[in-house]
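J.: According to this note's numbering, the sequence shown is numbered sequentially starting from 29.
Treat the hints with care, as some may be off.
Each computed EDC-like pair below joins lysine to aspartate or glutamate, with the alpha-carbon atoms no more than 20 Å apart [as the list claims (entries may be wrong)]:
hint : residue 1 : residue 2
1    : K111      : D191
2    : K194      : D177
3    : K284      : D191
4    : K335      : D323
5    : K335      : E324
6    : K194      : E292
7    : K111      : D177
Cβ pair distances, simulated, as ranges [stated by the list, open to error]:
hint : residue 1 : residue 2 : range
8    : I102      : I143      : 49 to 59 Å
9    : T279      : R326      : 44 to 54 Å
10   : Y155      : C87       : 23 to 33 Å
Quick caveat, the hints were computed from the structure, so don't treat them as lab data. We put the beta carbon where it would ideally sit given N, CA and C, even for glycine.
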Amino acid sequence: MSLNAVLADINIYGSITYLVLGTIGCLLNVLVFTRRSLRSTTCITYLLGTSIVDLISLCAATIPTIFRGLGRSITANSPVLCKLQFFILSTGFTLSAWFRVCTSIDRFLTSCRSIQYRNLSTKKISYRTTVLMIILAIPTWCQTFYCFDANLKPPTPCFTMNDQCKLVNNILLIIIQSFGPVIIMIVFSLLTLQNVRNVGSLVVPTVSSSASSSRIRTKDRQLITMLLFQITLFAASTVLIPLYNFYTYSTQNAIKSVYRLTVENFIFQLFVFLALTPYATTFYLYTMSGRIFRDELRKVFIKLCGKIGLQVAQSVESTATHLVTQSTRHVQPTRSNIQTTRAL
Numbered sequence: 029m030s031l032n033a034v035l036a037d038i039n040i041y042g043s044i045t046y047l048v049l050g051t052i053g054c055l056l057n058v059l060v061f062t063r064r065s066l067r068s069t070t071c072i073t074y075l076l077g078t079s080i081v082d083l084i085s086l087c088a089a090t091i092p093t094i095f096r097g098l099g100r101s102i103t104a105n106s107p108v109l110c111k112l113q114f115f116i117l118s119t120g121f122t123l124s125a126w127f128r129v130c131t132s133i134d135r136f137l138t139s140c141r142s143i144q145y146r147n148l149s150t151k152k153i154s155y156r157t158t159v160l161m162i163i164l165a166i167p168t169w170c171q172t173f174y175c176f177d178a179n180l181k182p183p184t185p186c187f188t189m190n191d192q193c194k195l196v197n198n199i200l201l202i203i204i205q206s207f208g209p210v211i212i213m214i215v216f217s218l219l220t221l222q223n224v225r226n227v228g229s230l231v232v233p234t235v236s237s238s239a240s241s242s243r244i245r246t247k248d249r250q251l252i253t254m255l256l257f258q259i260t261l262f263a264a265s266t267v268l269i270p271l272y273n274f275y276t277y278s279t280q281n282a283i284k285s286v287y288r289l290t291v292e293n294f295i296f297q298l299f300v301f302l303a304l305t306p307y308a309t310t311f312y313l314y315t316m317s318g319r320i321f322r323d324e325l326r327k328v329f330i331k332l333c334g335k336i337g338l339q340v341a342q343s344v345e346s347t348a349t350h351l352v353t354q355s356t357r358h359v360q361p362t363r364s365n366i367q368t369t370r371a372l
């Protein structure tokens, strides 16, 4: 089997798998993170935002890839769709990365001994930070409407149209999508672990009782564990494309054979596929690494099953009532006929 055939199978079956699992996972994340019991936790705002933009980015990345694997690319020949796809992807990936950064910073603040630092972790600040990230991300990637175009030469018919745009795109990719956020996340994660180790247990704002304080500390520990798993996977997958872009930029003047170009295209498409892993698997990482997340997820399922069961019970009751009514209507004429016969 040729590399192109393998790549087509990856684009079709791999993208379908990511789309299905990622959509289910992101929707369940939204259901869990909007529960009342988690609303008081400040980092939930960022985790909820991450789940929403992950879902949007995943759909924008996988659906065109599936069509391309079927030989019916919807972005290669349409400049409008090409520009729109990369704008959505670039903005979504940037917001997802920086929401993760905000989560790691928030966990650091809640683990600090200083009350001044802990006071910076509030719901009001998290809302404002989320809005600020959106305001900054959208104009940053408006350049995609100029730099990206369709009908270019293979293997990337929908990509940057010249070397200047490619250089700008690579710089932005390194600074605000991959190495920049990854470095910040690693630094604050290490600082958080140091705070936890020094204090022995997380310091949280004063609560009414020691029991509720213990529950809050446990919740924070679980969220930190979930965050560390997420950062590890994100860091491992997002640095691949910048490294490949650096390689192609440094070898752009080299004479390459058809086989080498095929191999490079295969590696690039594989790296793109692997880069989608954090966006499709966050729910499953949360489920494996966070007990508090599993508990809330179980409550979501119980609530959903209760609603479904109630609807089924109401449907059965309505059907039974309807059948009884119909039977009564048939019985009443029969009784009247019997009484008439007896009278005669």
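J.: Hint by hint, say whether it matches the structure.
T.: Verification of the hints:
1. Restraint check: the Cα-Cα separation between K111 and D191 comes to about 17 Å, which is no more than 20 Å; the hinted pair holds.
2. Only pairs whose Cα atoms come within 20 Å are accepted, and K194 paired with D177 is accepted, the gap being roughly 12 Å.
3. For the hint linking K284 to D191, the alpha-carbon distance of about 18 Å falls within 20 Å, and the restraint holds.
4. Distance restraint check for K335 and D323: the Cα-Cα separation of roughly 19 Å lies within the 20 Å cut-off, and the hinted pair is therefore satisfied.
5. Distance restraint check for K335 and E324: the Cα-Cα separation of roughly 17 Å lies within the 20 Å cut-off, and the hinted pair is therefore satisfied.
6. For the hint pairing K194 with E292, the CA-to-CA distance comes to about 17 Å; that is within 20 Å, so the pair holds.
7. Proximity of K111 to D177 is assessed by CA-CA distance (about 6 Å); at most 20 Å being required, the pair is judged to hold.
8. I102 and I143 have their C-beta atoms about 54 Å apart, which keeps the hinted 49 to 59 Å range intact.
9. The supplied range of 44 to 54 Å is met by T279 and R326, whose beta-carbon atoms lie about 52 Å from each other.
10. Between Y155 and C87, the C-beta spacing of about 25 Å keeps the proposed range 23 to 33 Å intact.
Violated hints for the displayed structure: none, as all numbered hints are satisfied.
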